[in-house]
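Peer 1: Each chain is listed here by its residues.
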Amino acid sequence: MDKQQEYVLRSVEERDIRFIRLWFTDVLGVLKSVAIAPAELENAFAEGIGFDGSAVEGLTRVSEADMLAEPDPSTFQILPWRGASQGVARMFCDISTPDGEPALSDPRQVLKRNLDRASEQGFTFYTHPEIEFYLLEKPEAGKLPKPVDQAGYFDNVPRGTAHNFRREAITMLESMGISVEFSHHEAGPGQNEIDLRYADALTTADNIMTFRTVIKEVALEQGVFASFMPKPLVNGPGSGMHTHMSLFEGDRNAFYEAGADHNLSPVARQFIAGLLKYAPEITAITNQYVNSYKRLWGGAEAPSFVCWGSNNRSALVRIPIHKPGKGQSTRVEYRAMDSAANPYLAFSVLLAAGMKGIEESLELPEGAEDDVWELSPAERRAMGYEPLPASLSQAIEVMERSELVADTLGERVFNFVLRNKRAEWEAYRAQVTPFELEQYLPVL
Amino acid sequence: MSQREISFATQLRRAGVADTARAEALLGHLRDVTGASMEDPATAMSYLADPDSGLLQLLRVAEAARDAGVLDSLLALRDTRAGAKLGVLLGASIALGDFLVRHPEHIADFAAWPEAESFADVDQRRVLLEAVGADPASAAPVATVEGDAVAAMRVAYRRQLMRIAADDLFSAQPPAMLPEVAAALADLAGAALEAGLAIARADEPDHALTRLAIIGMGKCGGRELNYVSDVDVIFAAEPAEGADETRALKVATKLANAAARACDRAGAEPALWEVDANLRPEGKDGALVRGVASHRAYYERWAETWEFQALLKARPIAGDPEVGEAYVEAMSPLVWKAVEREGFVQSAQAMRKRVEEHVPAKEADRQIKLGPGGLRDVEFTVQLLQLVHGRHDESLRSRTTLEALAALRRGGYVGRPDAAKMDRSYRQLRVWEHRLQLRKLQRTHLMPEDEDAKRVLARASGFATVEYMDEVWQDTRRDVRTMHLDMFYRPILPVVASLSADEASLDDAAARDRLSAVGFDDPQAALRHIVALTEGVSRRASIQRQLMPAMIGWFAQGADPDAGLLAFRKLSEQLKDAQWYLKMLRDTGTAAESLARLLSTSVYVTEALLRSAEDVTWLGDPAALAPRPPERLEREADAILTRSDDADQCITALRGLRRRELARSAAADVLGLIDSVQAAGSVTNAADVLIAGALRIARVVVARAEGLDELPLSMAIIAMGRYGGQEMGYTSDADVQFVFDGDDPRAATLAVKVAQTVQRLLKAPMAQPALEIDADLRPEGRNGPLARSLASTTEYYGRWSDPWEAQALLRARPCAGDPELIERFTAMIDAVRYPTELPASALKQMRTLKARMESERLPRGVDPQRHLKLGPGGLSDVEWTVQLLQLQHAHRLPGLRTTRTLDALRVATDEGLISSTDAGELEAAWVLATDLRGALALRGRSRTPDVLPGDTRELRVLAEIMNVRDTGAELLERHGRATRHARAVTERVFFGWEDGA
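Chain order of the listed sequences is A and B. Okay, so the first sequence: first residue is 1 according to the numbering used here, each after it adds one. Okay, so the second sequence: first residue is 1 according to the numbering used here, each after it adds one.
Be a bit skeptical, because a hint or two may be false.
Distance condition first, Cα-Cα at most 30 angstroms in a straight line; then the derived DSSO-like pairs of lysine-lysine [stated by the list, open to error]: (1) A:Lys-277 with A:Lys-326; (2) B:Lys-440 with B:Lys-284; (3) B:Lys-362 with B:Lys-337; (4) A:Lys-112 with B:Lys-284; (5) A:Lys-326 with A:Lys-146; (6) A:Lys-112 with B:Lys-337; (7) A:Lys-3 with B:Lys-369; (8) A:Lys-3 with A:Lys-112; (9) B:Lys-369 with B:Lys-85; (10) B:Lys-250 with A:Lys-3; (11) A:Lys-323 with B:Lys-254; (12) A:Lys-143 with A:Lys-323; (13) A:Lys-143 with A:Lys-294; (14) B:Lys-440 with B:Lys-454; (15) B:Lys-844 with B:Lys-763; (16) A:Lys-112 with B:Lys-250; (17) A:Lys-326 with B:Lys-869; (18) B:Lys-369 with B:Lys-353; (19) B:Lys-454 with B:Lys-85; (20) B:Lys-850 with B:Lys-869; (21) A:Lys-326 with B:Lys-284; (22) A:Lys-323 with B:Lys-250; (23) A:Lys-3 with A:Lys-32; (24) A:Lys-277 with A:Lys-216; (25) B:Lys-583 with B:Lys-570; (26) A:Lys-323 with A:Lys-216; (27) A:Lys-112 with B:Lys-440; (28) B:Lys-362 with B:Lys-440; (29) B:Lys-250 with B:Lys-284; (30) B:Lys-337 with A:Lys-3; (31) A:Lys-216 with A:Lys-326; (32) A:Lys-277 with A:Lys-32; (33) A:Lys-326 with B:Lys-250; (34) A:Lys-146 with A:Lys-277.
From the structure, some residues in chain A lie toward chain B, with a derived Cβ separation under 7 angstroms [what the hints assert, rightly or not]: (35) Gly-48; (36) Asp-52; (37) Ala-65; (38) Leu-68; (39) Glu-101; (40) Ala-141.
Keep in mind that the hints were calculated from the coordinates and are not lab data. Since we're looking at a predicted model, the values are computed, not measured. Even for Gly, the Cβ is constructed at its ideal location relative to N, Cα and C.
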């Protein structure tokens, strides 16, 4: 029993915790939970808790699989919305097979494996997400979603629901040890953005999972509804999750080189080149729902074309300008990902694409200075800005043939994801939408 | 005069001088330089390891002393004990002689060492710190010496080294003194780093911001250092109170670097040794210095098994003692927790194996450290035992190999004689290593090859002759090698089974610990079996007692140790009266190991051996495990059929023959002597011989029943499907069809009777296992007659058959019957199966059929990915693709006319019908699936031999049977990738789909 485990056991005693939720994530990024009583905790540390591991396969599981959930004591947190005494706590779990090997189907293990690969090259991967989401009135079946306010970008809404909401949510997040960098009202009505502080990718992914839960819980408490759906309003902007990334070699930011073009080191340039080259292949992971493509191709600031630029908000990869002397904060921002992605898998493929760029010593193409949306299709083609997949179906097709994604996710998860996504596309295609009824029924 | 000279040369030669003329000349020079002569030079030189070079060094030292004006200090040593030490030192170490030549002022040291004080009593830290003008009493001493502080430190280091070496070499019992020497060397290395740190502080004004500790790892951490080896260290630092953490870490990194460089950078006074910090988290890519918490976080999250093992030796050797202690305190619980990881011992053993495999073959026999029977074997065995039992018994947690060994003996974890032998071997190996290194102060662990160097080593380590040293070297290595098994497994045997009273015998709990550490799931039951096997006074029990420790080790390496041990007990009970059995296990090199492997991996082979225990004899003779060539089996079958005309007797014998060949192939397969394709070939041969025999018997039986002398028809049996392709599995049915020819009106009826009789003979329940016959691939399938005439068959294929039937015929291979009929049949089907062209409609039909099969034939509830035959990229994908190429091109390219998948694929590649990349993907997937099917059958646990198990443990067993090193997860991953690629090829080549369609 190590000290961290002891600390957890002691806290459970002292705080009179009645249940411990063991959290894990399925391949789609949906949070799953097994609750255990404190009495089982010691055993859970020693041997893991057995459960049917096929739960992580998403909606298309075939057969049961015995797996063990092994709680990670460093993620122990009391869930603040469940009250301070007689409370409930949670820990994230690694899923492993009964013989103690990491389960191939566990997204958290997928990310760990990829971080491990990077660390073999001497790199640590840091990320920092800007998470957008909508606050809506409680949804009613058959009705369009209705935002809680009509404010805009950075508007300060006096006594607005959103304002209270963000204060409450941030307090709760901080009480769970998740540092919040920034929060403001986003461009859409009812849309908010909260930025999480820079951390290593595994912690960040865990934090995103927690974040989504906290946001939903706080919304419920306040009688509203929070949604991370990529594009809930036809006329409102979508909810993206722009993600800032950097690689560190020990304490040194490997992306920074003083005096170089944009202060970008060769490693950074190759990393970006990798992101660009493999962007279409990984899109089914970073933008995993049918609805994701309505954001991706819905204009506004969503990046639909593969290019990079310094401070160019229409580019897929943006290099944020940092203050002089802040070389450690050199980073690249990937703007395609949306708030509904599975963070474990999405970080994995982003890292792998970038690492592949380093491995293959890819040349970084010229940066884009124009607003890519303003260019004509012919101009874009001439300048070599490839489009990202236009639909989930296209994205699946590209991903299917991707050795990179198969290798990054492992054959199992790769398969599960494909299976889930094909099923989703087929279900979607079978729909007759209000659009069709409106357009066709009267005239056809 | 001349008389005397000759005798002096002889004296010198007797003293071990090689070049006596030169020695006499050197002695003359020495006299000239010192103005004095030696009393009895020959006797003096006889004590030297290398008298020739020793004498030369003495002369050089004398010259240097003369030039420096300190000749007195040399002359003062004449005929003293201190002088003798100097001589011995010069004879054994050229490098230390060179040191005195550089610094003749330190010749005086020899006289200055107090007689009553041992080198072990010296406070090395104080001596080296004072040498650089630092205050030993300070917690963070700073060097104040003027000028080259590094050189000052190194000279001080070498003076101390000289003292240790002199006493070591002068000792009458070097092995006895070894622990003290090794500890002093470790302390001295720590002191050098401490002084290096003091020098570093002098150059770093901000040094007070940080508290840096240097942790010794490996031999230095264990206080059992060599004269020269890399010193393994880890740096840990905490900020001084109130200091900024980042800044403090930066300063600490500078200090760490500078301290290491003080030891290993080239300089006026040569470097001491390499400082190696690569054991740190993340190896050479990781940060050089980390905080204690950061170290701990790394180990908790990322570290590999071996990294924990390395932590066992961690000890603060220099720098801030509190931080050092905090580091060790934070880490040591992790060591003992790591052992609880599943498979810890196995992964440690695998690591050890890998290291051994990395030793270049030509060095392996001379490697004192890493080779088989070398130092690493001793250290490894001791560490493993420490890790297994140290969890519960804290007395075993020593960092030092010999102390740990003694603790293991005291605790009763290893036998007294074993411990003593191990202790002796370790000391001896280390003494050799030390002597070799002292010569030039070089890092070496190789026994010398050339005679002269060997002679020097023998003399330096107290052996009269090279031959005697060689003998002891071989014995030591053999002892160490065999001792691992003995020390690890023998004490598990119960007390009553001890070979002698001195043997250690673990109590139940400790024995269970050890069994469960090596992978027994039910150690309690395992202990019971071991007791049953070894208890008693019978000869059998006494042989088992000798065998058992090694066998336990081998079972532990297998996939299912518990099952293996149980099967071994059963088999031994069955064979308890067979004299040859235990004799073979005891006396034949690999028999016992092979048996242990078979029993602990393959249920199929275990059952085969339990059914026919005498087959175990094969293990005594590797040639007996080679597949029997078909001709030999045919001769045997012929003899059986000629010997007897009793149908039951004959068929029993033939079925027995097949059972035996299956068992033989299976055993050879599991032992890695043949691959799965070869195994499938010999399984097919055995079926061929049995079926041919059954046909012969059936003809006689039917003829007798009909009252005929001879049946008025000729008959043949055609192997189809995988059987036709000679790719049969251990548990496969035999797909066949029956053909006959004859004008007699009764021929059709009789032929069916013969076919039925064949089926009955092969299937009827009896002592020897059945072979299921499946004739469904015949014309018209189940609706057609069981046996069909050649004429009717010809007509059928000519008129009716669908393309898939032509496809099925690609695998048709006549396996028994009338040669002339076979020839005509073959000519007939060749026209069908190798058509001049494949019409588009037929191609479409094939593709449709295949697509339909994919959706229909897969059993419900089975993950298609796991289905070896019908899943995407499975056997069927590969085979259909190859068969399509055959249908399209075999008419033109006779090379394609084979029933075997891989042969056809290779020809197709050579002919350019398929790219070699695509063919490579298909072949890889096919071979892997075949291997997996074979392994599944051999494992014998699954009722669905075509479906990969979901349990990664079972998958690991399959990998074990396949003799690959994959973990279960890796195997699954590999299979996933291979089938995905093969599927892509199938979609392109067989289905003709464009990419991405």
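Peer 1: Given the hint that B:Lys-583 pairs with B:Lys-570, does the C-alpha gap stay at or below 30 angstroms?
Peer 2: 17 angstroms, holds
Peer 1: For B:Lys-844 and B:Lys-763, compute the direct alpha-carbon distance and say whether it is at most 30 angstroms.
Peer 2: 39 angstroms, violated
Peer 1: Is it true that the CA of A:Lys-277 sits at most 30 angstroms from the CA of A:Lys-32?
Peer 2: Status violated; Cα separation ~34 angstroms.
Peer 1: Next pair to validate is A:Lys-143 with A:Lys-323; report whether the Cα-Cα distance is within 30 angstroms.
Peer 2: This hinted pair is violated, its Cα atoms lying about 47 angstroms apart.
Peer 1: Is A:Lys-216 within 30 angstroms of A:Lys-326, Cα to Cα?
Peer 2: 35 angstroms, violated
Peer 1: Has the given pair, A:Lys-143 with A:Lys-294, been kept, meaning a C-alpha gap of at most 30 angstroms?
Peer 2: Distance ~19 angstroms between A:Lys-143 and A:Lys-294 Cα, so the pair holds.
Peer 1: So if I understand the rule, the pair passes when the alpha-carbon distance is 30 angstroms or less; does A:Lys-326 with A:Lys-146 pass?
Peer 2: 42 angstroms, violated
Peer 1: Given the hinted pair A:Lys-323 and B:Lys-254, is their alpha-carbon gap at most 30 angstroms?
Peer 2: Measuring from Cα to Cα gives roughly 28 angstroms; hence the hint holds.
Peer 1: If you draw a straight line from the CA of A:Lys-323 to the CA of A:Lys-216, is it 30 angstroms or shorter?
Peer 2: Violated, at roughly 35 angstroms.
Peer 1: Restraint: A:Ala-65 near chain B, CB-CB cut 7 angstroms. Satisfied or not?
Peer 2: Since the shortest Cβ distance to chain B is 5 angstroms, the answer is holds.
Peer 1: Check the hint pairing A:Lys-326 with B:Lys-869 against an upper bound of 30 angstroms on the C-alpha distance.
Peer 2: 59 angstroms, violated
Peer 1: Given the hinted pair A:Lys-277 and A:Lys-216, is their alpha-carbon gap at most 30 angstroms?
Peer 2: Violated, because 36 angstroms separates the two Cα atoms, which is more than 30 angstroms.
Hint check: violations occur at hints 3, 5, 7, 12, 15, 17, 24, 26, 27, 31, 32, 34, 35, 36, 38, 40; the rest are consistent with the structure.
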